[in-house]
Each structure stands twice: as C-alpha cells, then as structure tokens.
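Peer 1: Just so you know, the protein sequences line up as chains A and B, in that order. Take my numbering: the last position of the first sequence gets the number 165, and nothing is skipped along the way. Take my numbering: the last position of the second sequence gets the number 757, and nothing is skipped along the way.
It cannot be assumed that every hint is accurate.
As the list claims (entries may be wrong) - Chain B is faced by these chain A residues, among others (derived, beta-carbon under 7 Å): (1) Val18; (2) Val47; (3) His98; (4) Leu100; (5) Pro107; (6) Arg138; (7) Gly141.
Keep in mind the hints are simulated off the structure, nothing from the lab. Yeah, the Cβ is synthetic: ideal placement off N, Cα and C, and Gly gets one too.
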Amino acid sequence: MSNKIDLTLNINGQDHAVSVEPRKTLVDAIREDCALTGTHIGCEHGVCGACTVIVGGEAVRSCLMFAVQAQGKPIRTVEGLASGKTLHPLQRSFMAHHGLQCGFCTPGFLMLAVNTLEKNPAIGDEELLDVLSSNLCRCTGYQNIILAVKAAREDMRTKEEAVAG
Amino acid sequence: MNEQSGGTKWIGMPVERLEDPPLVTGRGRFAGDINFPRQLHMRTDAARALPGVVAVWTAADITDVPPIDFREGPIEKLAPYRQPVLAIDRLRYVGEPVAAVFAHDPYVAEDAADLVTMEVEELPVLLDARDEPGEFSFGRDTEATILTQGYGDVEAVFKSAAHVVELKLTSGRHSGVPLECRGAIGRYDASRDVLELHGAAKVPHRNKELIARMLKRAPASVQCYESHVGGGFGIRGEIYPEDILVCVAAIRFERPVKWIEDRREHLIAANHSRNQHHHIKAACTDEGEILAIDDVIHHDNGAYVRTHATRVAMMTCGVLPGPYRVPGAYRAICHFRLTNKTPAATYRAPGRFETTFVRERLVDAIAHQLRLDPIHVRRLNAVRVDEMPFKRPLEALGEEIHFDSGDYHALLDITLNHVDWQNLNKELAARREQGEMVGVGLAMFVEKAGLGPADGVRIQVDTSGEIEVITGGASIGQGFETVMAQVAAECIGADMTKMRVTHGNTERIEHGIGAHASRATVMTASATRVAALKVREKALDIAAELMQSPVDTLDIVNGEVVIADRPGGPSMTLGAIAAALGPSSKARGDREPGLSAEGWFYTDHQVYPYGNHLAVVQVDPDTGGVKVLRYVVGYDIGRAINPTLVKGQIAGGFAQGLGGALMEEFTYNERGDPLAVTFADYLMPTVRETPDLEIILREDYPSPLNPLGIKGAGESGVNAVGAAIASAIDDAIGIPGAITVLPVTPQRLKAIIDGKR
Ligand code: FES
Ligand code: FES
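From just these sequences and the hints, can you work out the full model?
Peer 2: Put into structure tokens, the structure is as follows:
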C-alpha cells in the first residue's frame, strides 16, 4: 500500500521534500512529514476549523485537502506568523484580550483571521462575525476572540495608514 | 510589613497569561504532537492482519488486565458493572472497544481496523432509564444501585401542606466535547522499569495510582505526564480503555504506543453526561414557602459504571435544593440505571446543571400555581445572610454541605437592578403585545468548589533567581500557571513573568489533586501561598545577616531583597540568596540548604460560591428557533486572583451551557445506534449563536475558609443556563411550565408552539 509520491511543500517560505501516499491529507503531511505541529486536528471532517491554514492566499481546511493538491502553492501556517521574536499583531491581540484558553483552536482562528484581515482590512463587524463563525472554540465563549480580532483590525489599519501616510 | 511584600502586587490583577506565547506561535505540545522513536500506532475496533500490522488484540489477549477500576478505590457492589478494557462476550453500546490494532503507521492501523466485520447477534436494547430494568448479567439487573439522601419526615410534611406542586423534567444527554480529542502515548523504559503515560490530564496523580493498581505495579514505577491539554471539562483525563491498552502494549512490545482518538470515536466513546429524569414534588405554604421536596430520579448512566462510580448521581441528590432553605423535609431517591448507550460521568458542573434546571423549574411552577411573583418566591425561600454559615444535612462529594458565606438576596438585587427588571418586563410585555415572542427568565444557584482535604506545593529558587512552583495540579486550559504564579509572586515579592509553574508531572512531586471540581484555585493556590511565604521568610532570614540589617527593615521587591526605607541602598537578588544557601556555601551557617520550601493547605469543607443567571430570548414561531438576545451572569467569587481569567471561565462555561440548553444532544435510534457522530449532527454553539455576555463579578463575600478568600470559578458559567433559558422561553411563548426537556431544540419547541395554536 505504499505507492508514495514525492512532492515539495512550500511552507512559510521553506521547501519541504516529502514522500507521501496520495491519500494523505495536507494536515497530516504538515504535522507528520514536515514536523510542524502547530496546525491542529479537531474533527477531520471540515467543521471545526482547527486545521485552517492559508494555501495560495486562501484560508482552507487542511483536513479536507490532500497534500498532493498543495504542491506548488505557498502554504502558511501558524509557525510562520511571527517574524523572529516579534509577534504578529493578531497573536499579540489574542494574548492581550485573553482570546485563548486551552489554545487548541487558536492556530486555526489565527490563520482564518489573518487571511480575512489581509484580504479585507476594512471588513465590517457583521461580515467578520460570519467569517469567525466558521471555526469552533469550546473554551472561550468567543467574546474575547471577537474582541481580539477587532482590536487587531484597528491596529493593522492604523499601521497601514501610518505607512501610507 | 515584611510578612508579605509591600512593593509587589499581583493578586487581583488582570495580567496576561504565562501560558500564551507557545500557544499562539504553534509551539504547544498537545498529545497528538508527542512522538517517540520506534512508536507504534493503535486503533481500537475490529481488525485483521495487513502488512505493517504488528498485532491485533481482543479480550482474550489481555485476560490478565482487570476491568477499569473506580478512582476512589474498590466498591464491591458496583464492581460487576465496570467496563472491561476490551469487550467480553457482550457489546453493550455502539462505540465499545472490541479489538485493538497496533501498526507502524496510523493510516495502516486505520485500514486494518476497517477491514474486519464482526459477527454480532443483535439483542433487544434498553435506551430509557425510566423503563423496567433488564438483565445486565446473570442474576444482576441494569439498576446498579439506588442512592438516596434526605432529612425530615417527608410524608408528614406533604400531608399537612397547603399546596403540592409536581413536575416531570428531563435533562438530555450531552457532554464536554473538548476541541482536542483524547490521546495517550504509553512508553515503557526497560532500563529503569518505569511505565510512562503521556497525554495524561485532569488527575495525573490519581491516574498513576489507578494504573499501578490495575497493572499490579508499584506506584513508583508508573509516571504520568501532562502536556498541553485541549480542553478538559471533566471528561478528559479519566482512565478509559485506551489509556490502559497503550500502557499494556508499551510493556509487551517494549515500544512506545501512540493512540489519538478521532472525532467520531470521541462522540461515541468518551464520557457522556447529564441524562436524568426527575419526578419532583414540592410541599408549599400559601405564601409560597417550600416546606419539603420529594424527588424521584432516573439517572441514565449508559452502558457501564466508569471511574467516577456514582458521583454525579450522588451529587445530584445532595445539591438539588440549591440556595433554598427547605426547612421541613427533603428526599431524593435516585435510580442509578444502565442503558445501551455510551457510559456517562462528570461534565462541568455535574449534578448542578441538571438540578438547577429542575429546581428553578419547580420554583417557577410554584409561583405560577400559587399566582405569586417568581422573584418573590425565590426571595422568600433563599437562605438569608444572617443564617450563614448554613448547614444542611445533605452531602456533596462525601462532605456535609455548609454554605460558608454570602448574601443571596443582595446579589439578586444587583442582577435585577443591572437589567432594570421592572422596565425590562414592561418592555418585553409591550413587544409581546406587538406579536413578538420575547421573554425573560431568571435562575439562582449555588456552586461548590475547593474539595479538600489537602494539597501541597513546593517552591524552589535557583541561583539565577528563577522561581519554580511545583504543583500536583493540572492545567486544562484555564490559566492555572498564571494564577499560581500571581499568588507565588505576590507572596514572595517577585516578578510573576519570571516564574515557571510545573504541573501534571508525577515525577516532580509526590502528591497532587489535579484539576477538577473547581479545586485548583482554592486548594493549590492556598498551598502555593503557604510555600511562598516560607520561601520569603527563609530569604529574609539569611539576607538580614548578609546585609547586616534586621529582618523587619527588609522587603523583597521584584525578586530583590532591599532595605525598605533606603531606596538605592544595598540589595541582594533572590538568585544570590539561593547561592548563599547552597549546600556547600559557608554563608549558609547551619540553615537548611536551598532557597526552597514545601507548603500544605488543609481544609475540612468545600466553599460555596453563588450567583444568578438572567436570559432574554426571542423565539421564532415558524422554526422553533431560539435566539438569546441578552444574557447576564451575576456571581460572587469571593476573591478573584485574576478577574480576566475568571470572566473567561464564566464566558466559556456559559457557551457550553447554551449548547446544552438549546442544541447539543446525543440521540439514538430505536436500535441503539448513535445519531450524533460528527460535528454536523452534534451541534455546538459558534460565534453566531453565542451572544455577548454581561458578567457582574462580585467579591463581596470572600470565603472565611481560606486565607485568600477564594471560592472558585470554573463551573459558574454553565450551572444555570438551562434553567434561565427554559424560564425565558416559557415567558416568550406565554405558556408557563412549557419547557420540561432540555435541550430545547427547534423541533421540540415548534411542537410545543404548534400544540398551543
Ligand atoms: S480538523 Fe479540519 S475542520 Fe476540523
Ligand atoms: S481555546 Fe480551547 S478550544 Fe478555543
């Protein structure tokens, strides 16, 4: 049963040469073959969003995608958010607003929110809630996650304005 | 002045958590992230050999392994109802492990597990705990035991009572469902003859004892290690068949064995909870005073009696009266029955979510039947502040219930004023006039926390000045490390961000209570305080000599001993003091080596925080859907070490309660097949269903039972959600007492509304 395929996954700017069965999911390849365990698995059937990563500029559920499908596309995971010791504004914001408890859902929410704010920095509250309702958290009751993302939205906006101005 | 630091304040501050940096950067280490060289992967199911499969076990392969034992020790009467590690002869619920497959690769293990079909002769199933008990095994029926608690002459009080109010209520089957499924990695170190269980949670020390007992090993040769835990809620961290299997396999194969549960398995194999049927009666006066309560409970425990034995059912019997006096008589008789469903045990606020629903429904019914204001009935019956401490001859977790302190009436007023109760009711009535289905409901409750009798903590300072707090507690995501660091830092006079808090590692400390029943903050923080004050005293004692200044002139600020009234004067870091106390240091004199101390905290009684929940809901008459427009939690926590974390606990509990009240239910078809096996059928609240929560956090009545005044927070957010929402829905649809079953799913509510039309 080992008709493995050789492929290269580009994760956070780094190439990982892996050899996987065609049926291997992207999340399993990221976690097991590339040893990046920050991306989590909560259901493996596309509902919880714990496995959310950004592939080719889109937030996707990596449990619903095969590793082979991600070949040639840039993949971003939670491990790539901070630059060195400087946290991404969303990471800071989740900490500052107590947007995590057990932290299991956090990488998925972070990647979802990063992708959303990058695509639409001026996203309205209602639309933001719609997007955030696609992931599950069992610990926080969501209020602080919403707060954290809204605060990061303002933060990223002011920074952008500062750069633009 | 120098008993506790003057210059360092951490307790009560909403500081950021120590836990967060690895968790937001993907550096967490959850069970699934743990790997050892040469590890095998286990799946439970039924299976046959495939290439890459090392072994397949059934019950016949592990006849030397006993059924899973009770955590608190053997209970003869219940022993026959324990779950075998792999099913023997009979399958009692869908989801019961039958066989275990061990393979080199998790995909192969799964393939193998999928391959085999079992020959199963289908027997009639028992799915309702109210039905006649059936046969469990020869000579034993499915009513494992009958539990009872009570006081007074129930018959006599009922006979002479002016009114009797009677209700039949059901709490549905739901559970904690943490976002991380379970996981366990067994590893046997033959060089030291030590069995290790990684991925442990909740009660690592108790589990070490239990595994040792079951596998007939010395406790010293079994160690449990907790890593990051993706949510606990009472259900994770109990010993399940899979935990034992990975341990046994690790010893037999002398290879690490890893098992990671998938979601389908989790929903049918991990503990369910909450499923009870109550037939309750109250004897009342004309004024609405509750003189006596008589409750007959059918507790649906699923197929086996797991590690908790009858804990939830017994708790149910003891805590049902809640904040109300019930002076005449009380009786709860609980039929503890087994059915062909997933075994059940504790889930956040066990026995309280259920009984608050039942009790508050009862109070609403009394008010309606006697044409009284439900708030008035609550006020009349609630224990008054001048009756504190209030003793009740009932028990919770083996202790007689003693409410330690509190003013239930004052907190009720605070909550009612917060929403402007009179006006709110008027507004809602006006909206109902306009045809909207909107309503409000309120529920009162008493929580319990801080089960004793003892917990110990060790604190040690190394020569760099880093302080390690070693506890036998467990962290299930609630901010345990931060809270302990805050207490230790303030008591010593140090920087909390420089602390290292160790937990859930049985190798580092001999005893530990873990994290359950909201014990951690009360017990472990109190012990941390004792140890920290001892460390402080030791540091000051030697510093006085080295700095040539009497102890009472010294203070410790940010990890440095200073002379209090001489800013810029001489100072010594805790690291330097630790070095001076080194075993071979001359400066030590005849003092005990090391800047370290052990602290113990003892208590005879639990503490009883209290609160109320208030819900405003809107019902969609066409769909039966319920929208929560507003939700308020008023809660007196005694003292909050970190208010942000307390509110986080309340908000998280509330969302879970909301799920249990409106959405989450493990249902079965008539053949006993589970119908909720994915997140598409087991619905949990998302951002969309969870409203903004208004939390009124009070610290009016610190507990007299511990020096920090702490009362515990973990279960207050979930406790009364079912009760408050049920009451609000009654109000919205204009049918008093309409809600008798949780969860109030759209289908159920639609049927009620259509029945009225
Ligand atoms: S693990 Fe991918 S959506 Fe849940
Ligand atoms: S923080 Fe635990 S699941 Fe979200």
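Peer 1: Take the shortest C-beta to C-beta distance between A:His98 and chain B; is it under 7 Å?
Peer 2: With a minimum Cβ separation of about 5 Å from chain B (threshold 7 Å), the hint on A:His98 holds.
Peer 1: Identify whether the interface hint at A:Arg138 stands, where standing means a beta carbon of chain B within less than 7 Å of its own.
Peer 2: Result: holds, 5 Å to nearest chain B Cβ.
Peer 1: Minimum Cβ distance from A:Gly141 to chain B below 7 Å?
Peer 2: 3 Å, holds
Peer 1: If you take the shortest Cβ to Cβ gap from A:Val18 to chain B, is it below 7 Å?
Peer 2: Constraint on A:Val18 not satisfied, violated at 14 Å.
Peer 1: Next item in the hint list is A:Pro107. Is there a CB on chain B closer than 7 Å to its CB?
Peer 2: 6 Å, holds
Peer 1: Would the hint on A:Val47 be counted as holding, given a Cβ-Cβ threshold of 7 Å to chain B?
Peer 2: 4 Å, holds
Peer 1: How about A:Leu100: closest beta carbon in chain B under 7 Å, or not?
Peer 2: With a closest approach of 6 Å, the A:Leu100 hint holds.
Violation of the numbered hints given earlier is confined to hint 1; every other hint is satisfied by the structure.
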